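As you go down the protein sequences, you meet chains L and Z in turn. Here the first sequence stands for residues 1 to 807, numbered as in the UniProt record's numbering. Here the second sequence stands for residues 1 to 807, numbered as in the UniProt record's numbering.
Since the hints were derived computationally from the structure, they do not count as laboratory data. Treat the numbers as computed from the prediction; the structure is a model and nothing was measured. One should not assume that every hint holds.
Put simply, identical chains are the same to the list, so a pair is met inside one copy or across any two.
[Said to hold, decoys possible] With a Cα cut of at most 27 Å, we get these calculated DSSO-like pairs of lysine-lysine: (1) Lys189 to Lys586; (2) Lys586 to Lys282; (3) Lys572 to Lys478; (4) Lys83 to Lys586; (5) Lys156 to Lys416; (6) Lys282 to Lys189.
Protein chains: 2
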Amino acid sequence: MNPKLPYILLVGAAVIIFILSCMLLSRGRQSPSCDSQPHVVEKMGSTSQSLVFADLTPEELAQVVRYLQGNLGVPLVDASRAKPSDNCIASVDLQVPAKAEVLRFLDGGGARPPREALAVLYFGNQPEPNVTEYVVGPLPTPAYHRDVTVQKYGGKVPYHRRPMLGSENEQVGAFLEKVAFAAAPTFLKEVFEYDGTNVAFQIAAPHGFRSGDRKSWFVLFQNVSGFFVHPVGLEVLVDHSSLDISRWAVSKVFYNGQYYRDMIQLESAYVQGRISVEKVKKAPRDGDFSSMKPRAPSAALFPLQYEPQGPRYSVRDNRVLFQAWSFAFGMSVHRGLRLFDIRHKGERVAYEISVQEALSVYGSNCPGGMSTRYMDGSFGIGHYTSPLVRGVDCPYLATYRDVHYLAHSQVSRVSKSALCIFEQNLGSPLRRHYSNLQSLFYGGLVNSALVVRSIATVGNHNYVWDFIFYQNGAIEGKVQATGYASSSFLHGDGLRYGNRVWEHTLGTIRTHSINYKVDLDVGGVKNSLVAHDMAFEMVRAPWSPEQQIERPRLTKKVLDTEDQAAFRLQSKMPRYIYFAANSKNKWGHQRGYRIQITSFAGDHVPEASSMERAISWARYQLAVTRRKEEEPTSTSIYNQNDPWTPTVAFADFINNETITNEVGWGPRGGGQLSTVGIALAPAPARGFTCPMVKLGLDGAPGSPPAQDLVAWISVGFLHVPHAEDVPNTVTVGNGVGFFLRPYNYFSEDPSVNSPDSVYFSSDQDAGVCGANPLACLPPTAACTPHLPPFRYGGFLNLSLALPAGGL
Amino acid sequence: MNPKLPYILLVGAAVIIFILSCMLLSRGRQSPSCDSQPHVVEKMGSTSQSLVFADLTPEELAQVVRYLQGNLGVPLVDASRAKPSDNCIASVDLQVPAKAEVLRFLDGGGARPPREALAVLYFGNQPEPNVTEYVVGPLPTPAYHRDVTVQKYGGKVPYHRRPMLGSENEQVGAFLEKVAFAAAPTFLKEVFEYDGTNVAFQIAAPHGFRSGDRKSWFVLFQNVSGFFVHPVGLEVLVDHSSLDISRWAVSKVFYNGQYYRDMIQLESAYVQGRISVEKVKKAPRDGDFSSMKPRAPSAALFPLQYEPQGPRYSVRDNRVLFQAWSFAFGMSVHRGLRLFDIRHKGERVAYEISVQEALSVYGSNCPGGMSTRYMDGSFGIGHYTSPLVRGVDCPYLATYRDVHYLAHSQVSRVSKSALCIFEQNLGSPLRRHYSNLQSLFYGGLVNSALVVRSIATVGNHNYVWDFIFYQNGAIEGKVQATGYASSSFLHGDGLRYGNRVWEHTLGTIRTHSINYKVDLDVGGVKNSLVAHDMAFEMVRAPWSPEQQIERPRLTKKVLDTEDQAAFRLQSKMPRYIYFAANSKNKWGHQRGYRIQITSFAGDHVPEASSMERAISWARYQLAVTRRKEEEPTSTSIYNQNDPWTPTVAFADFINNETITNEVGWGPRGGGQLSTVGIALAPAPARGFTCPMVKLGLDGAPGSPPAQDLVAWISVGFLHVPHAEDVPNTVTVGNGVGFFLRPYNYFSEDPSVNSPDSVYFSSDQDAGVCGANPLACLPPTAACTPHLPPFRYGGFLNLSLALPAGGL
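If we strip away everything but chain L, and leave its shape as in the complex, we get (with noise of 0.2 Å):
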């Protein structure tokens, strides 16, 4: 052997261990891991500002529970397991701070509002009983308790306005497994093969026909996945408005289109033979058509959105930042998902953009369905928000942050994952333009926006709930609806309600009807407020005054009342409409944020209906009312109880207030100006001057005088579930909102400052990553997302629920 070998060999091995780093290195550099870090600079202090609009932490709730048992000199029970007739904690939330102090804070440097909790309490143990509303504080050690109820309502709340707890749904529950089932034993056995758990449950609301009422329709359905589209045809009717649970009573029961006084004499009539039977196939566990169990072998994976450089926003604590955007989220227990204090580049723009209520009015031929109207919000939006599922509820790649609760309990609760938030490339371009006039060139950007999400499962329904932030100022409010669509059994003349969904299931109509509060505040609270739209006038051409044109112009309308303010549903709504500062762009133009509303929805229920004053919000696709501290949302959580006492009737918010000062400003009602002026003079032969235009000439000769004001918002649709609606509706198509845009806010576009522009010309080569940033991309981009693992703790402690109303 050549003694130099083993050193000849290691030379090779040094140069090959050389190659092989090389490599290593190299192919690190050419698919390395994204970022992952978030690429956003915090101001100091500002997160902390937002903590005053913050959801309560599950220790502030516990602190709360703690002090209301000690201080309230009566027993207190776990509403989990409590019966009417005790008292109870329903349900704990913030109470959001007063604005006029909370804008002190923030922007007068005053102090910190005390942090305060509003606990709703069940008093069924009293000589009175009754439903009273505490503010709670200071957290996180609370040492008063103030009753708001006479202050808020205008009275005490009577105990049958109370929205059901889950302990009253069990308790309804076991009435009838226990009671009301065991009259007609032989006809539930033979008829639906009852053995105790295979029946599941749907209640309808409200209750009754007048105030106190408390008899709800329990309509019955095949205990599988994804019931609600397994109706057998039984419906009864239980009064459950005693306090004294053993003195509940069936009222009516209703089979297959027959109605009987109680179940005794629907045995009594199944067992002589005077009932049509019509036996629904029992269904599988899983609910065969109803299953959402895929059926198709998953296959290539769906495109996914990655962040090549990291997330561009940023979530600490219950603070946004996004681009030029930031503001504060918060889950009301019943209201749901709202934000606060929006600002753009540090500019409040919204103070308060919240859901209010979501309706649902159904059409049967069966007694529940017909007596269905849902108010989700007296359920809890918040309370029902939904663990999100990555993937397909929200982005995989989103950030998730957990919701915390107390509602039904005397503990809080979790709901994991249950909001999200995250940039989405909506792939298309926010503006763009291609030249080939003049100069070759092109100029756009890409229109990637901030979405914050939270879904709520109120029963079998589905609300996706989305505020999106654009990189032009515009912010959306976003409603999509899914979930299960529920359902009559089929009998009689039901196609006149619906559409046959599957043998014995009739996808019954429904009306959709949601509410959002939008307190703007543009450029400062004092807003007032403005129409614009388009009017033709006839003219004489000036060049050649035999000739007519039909002339668009702009017609102008500031609305002084909130009576002028408030647009019916069917009303033809000037097509710019907007909150006007006080202040004016660098063009003259009063700063304006505009509302555009995107809805499908027809009537809510005719006014001459007893319950309307309850849901009157929804009489109006848009009301501007002054902003009132006592008037903070369009509904109250008693509505759906008593909705022919309303607890809040929102009607009453409209009492023609004027949204203006008192003192008038410059010309009004420019929407009715008749087409008059120089546009009806032939022009003179050899030409005419017209005065010059002098800044500020929107009609107004100095500042417009204002009010808080808010704009209350209605969206909706129609739904005729058909064949498609099986298993689950959809949301393509199912989506209605809102666009808050600037409009001469800005004194031009402020996306002009986005990163994102990309611009070349015919002289560059847009090829080369100095010239174009789209050419620095691909070796920008190429990298590995880094794809957390799948976890769900969407069923962790979670006892189940016995089925509570939906929609």
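Starting from the known structure of chain L, arrange chain Z on it as the hints suggest.
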């Protein structure tokens, strides 16, 4: 030295090499490149079928030109340099074969229809100048041509109706520069520092007030990037009606609010100091405020979409496959993007879905602005289709296709990457349900859809045209507007017509109206049109007759005639309106596709206007007519230049023909049904029985008679430009369109067969890949997207056009 050292070192080196190799290999495994092969199985033969709709190839276009040059017996000048007094080929496009012929070929095994072209010839050099349309065929080797003008339009097309060629634009430009401007040298020099290159023009249309007029206002701008928002105050009315260019003349001049007989008068008034001059600050070449150049350095990259396992769609020739969908695409040189033979699971749902026209009506106190009513089809929506930029106009990883067209020239041009096709994960669920009632489960699937897009840049404005195919069988047509807002010089009462958006710039009010043709063929070509909606009926509660319920019920109405099926813009349209098939789904309902429109359109022009009939399609949000081969489009390219004698008047399509067969069937006018029957009858105490439902209870005793129908859909919005339209209009909120949604077309939602379905229950560990496909996502999707280098062919081989009309 230990003699064993080399060996020890060698062993060490071997170990290091082994480790490095393992690292290399394992890293390779950790982040492989994502697949880039499409995962689609093509069926044989289908692509070849789609070719019947394919755009003409450059070779075919050249053949047609050669044939025409050799066979018309008159000299043809190249349109790119033709004078009005020449003969030339204005455009050549596919002559889409008649539907009956195509269907015989596609469905009936008939012969492939001959491939033909439609050529538009301008005969300026004839005793009676005219426009003639020839069908030329068969391709690839033309042997015949057929004059179809009279057959199509009921008469010859007078020459004055011809759309302007690029060459005519250039000729008018030259006339302005060389003849008109020469008459006012002092004014131009001193007021505009005119140097022969620093002004750009935009032409208004239509060109006068009466048939035969060809007098156009040219609005002057500073010739800088984004010149459309740089008006200088001068507008010139040129009479270019004569075929002899030397006889063209200035008819009127407008400067800063005053009219002048001609440039000579303007010059003399200026020299005599009788003009109020408003000098505009000279803008830099990049336009300053109108520049699209980035103003902020590019920062972290926006989110991107990638396809971990490659595209899930395929594009072969002009045919696209995506899941259950297939369709053919094409680009009409005049009308723009069009789809044909749209099928779901092989069954045709629509024969044609196509853009028809984009109209924009302007208001202003300047003559050019106030006379502008642009009909983009006349300019050519396909002709001005824009090269698309990866990453901005469409997702970076979309599939791009070139568009070839022949217009205004005798050689074909290419618009590189002018069509894009991609799957877009919309980031939200298509369907989902979270269950914590009765059973704990989650089911859903992501909303991932296929998009086909083109963007037309006609002058200043850019329309983003999308057709979107969803997994639930829905199709969406959507148009978003962006680009520059054209403008007027701000003077006098300008603010009656818009907002000031810069120092001297008035963003002028304008409407946008877009028309689509939707030739649905639902379960065959014969369809009827049915309207469903909701009405309240007052009924006594069957179980409590003293109580009243306002009950929603389904109203049904078959629309018998074209008049009934024509819904005026401001009219209330039934919320469910659908094309119903002759066949039924499993549940006895007529299979249908519903049309749902999103639009913010207002009046197009008053109907008294002398040009209204030319754009009478815009009267209707929806009009359904019998399909006729002789009514292929809702307008004509000749309407722009002679709207006073419209070559095609859509209103004439609606002549109250029946759109069902003459034979009646079943009850009609369900919408007017009064609420009689069981509903009003109080329920008997013991209940009552209704007749059981039988299949096919849609009110139709037999099959409904039907016709081949077409839906013409108009959408639009009002645009009042505001400060944020500088530099460009954003797409956010400026999108309108329609959905075509299955309505009992299927017997259940077709997305149940999607491979994207996700389901897991509390029994399963959702984090395990076998139990839940999302848990397989991290390993599957951890790959490096293959991003091709950025290339742009949008400026290649492009002769810079003079400013043509825009909007």
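Results of checking the hints against the structure:
1. Lys189 to Lys586: neither (78 Å within a copy, 30 Å between copies)
2. Lys586 to Lys282: between (71 Å within a copy, 20 Å between copies)
3. Lys572 to Lys478: both (22 Å within a copy, 24 Å between copies)
4. Lys83 to Lys586: neither (64 Å within a copy, 47 Å between copies)
5. Lys156 to Lys416: Answer is neither: 36 Å inside a copy and 72 Å across each miss the 27 Å cutoff.
6. Lys282 to Lys189: within (13 Å within a copy, 90 Å between copies)
Of the numbered hints stated above, those contradicted by the structure are hints 1, 4, 5, listed in ascending order.
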